[in-house]
Amino acid sequence: MPAAVLLPLFDKEGHYHLLLTKRTQHLAHHKGQICFPGGACQPEDQAPLTTALREAAEELGLLASDVEVLGRLDDTSTLSSNFLITPFVGVIPYPYRFLVNGDEIEELIEIPLIALLSSTSFYEGSAESSTPGPCYRYGGHVIWGATARILGQFLGLLPEYYHDAEPTEAPGQCETRYLKTAVASDG
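Residue numbering for the sequence shown follows our numbering, beginning at 111 and increasing consecutively.
Calculated directly from the structure, the hints in this document are not laboratory data.
It cannot be assumed that every hint is accurate.
As the list claims (entries may be wrong) - Label pairs and their in silico Cβ distance ranges:
no., residue 1, residue 2, range
1, VAL252, GLU154, 32 to 38 Å
2, GLY124, GLU234, 30 to 36 Å
3, GLU154, GLU217, 24 to 30 Å
4, GLN152, SER229, 37 to 43 Å
5, SER229, ALA174, 35 to 41 Å
6, SER236, ARG207, 34 to 40 Å
7, PRO242, GLU123, 32 to 38 Å
The C-beta atom is built at its ideal place from N, Cα and C for all residues, glycine as well.
Work the whole structure out from these sequences, hints included.
Here you go:
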């Protein structure tokens, strides 16, 4: 079943962060899991990007006009629910007045990219699944499954930046330049 997600990036204090959500316990799929805003494609969605932006609006109150889409990552499938997820990376303003849909979202989680690249964040494990795979830890949360695979794909675009940063550039300026180049060339 086709689905799409948005990896919302925002600049907070000169460094990029990702916004993830913790799903509520009463949803049909992926209860209580940490994920990116997104969901299943609907017949009225013209393309996967339309789905990602519609779902971000439904879950977070994030207006499509407030998202600067940088590019698309490779599709990833879920093992338990047969979704084929198309991920998109986009920059959003910060601070932002989110209108969180409490029926779907239990918590918003802001994670600095640098924390996700830390050697203490990543591990191979099984989390809540019997199938081992990549996992990331942050602030008591565990990111696993398709979300971890998408996150790993995205983070794989980033390490060069941390070695190539120009010391005269403010961190946010350099990260923006690099992210736009990396994601656009990948998708």
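- Cβ-Cβ distance between GLN152 and SER229: within 37 to 43 Å? Holds, since GLN152 and SER229 (Cβ atoms, about 40 Å apart) stay within the stated range.
Is the gap between the beta carbons of SER229 and ALA174 within 35 to 41 Å?
-> holds (36 Å)
Discussion item. Within 32 to 38 Å: is that where the Cβ-Cβ distance between PRO242 and GLU123 falls?
Written reply: Since the Cβ atoms of PRO242 and GLU123 sit about 35 Å apart, the hinted range of 32 to 38 Å holds.
**Asked** Are VAL252 and GLU154 spaced within 32 to 38 Å by their CB atoms?
**Response** The hinted range 32 to 38 Å holds for VAL252 and GLU154, with Cβ atoms some 34 Å apart.
Notebook entry, point to check: In this structure, is the beta-carbon distance linking GLU154 and GLU217 contained in 24 to 30 Å?
Noted result: Cβ of GLU154 to Cβ of GLU217: about 29 Å, so the range 24 to 30 Å holds.
Worksheet entry | Range hint 34 to 40 Å (beta carbons of SER236 and ARG207) holds or violated | At 38 Å between Cβs, range holds.
Confirm or reject the claim that GLY124 and GLU234 have a C-beta distance inside 30 to 36 Å. holds (32 Å)
In the structure shown, no violation is registered for any of the earlier numbered hints.
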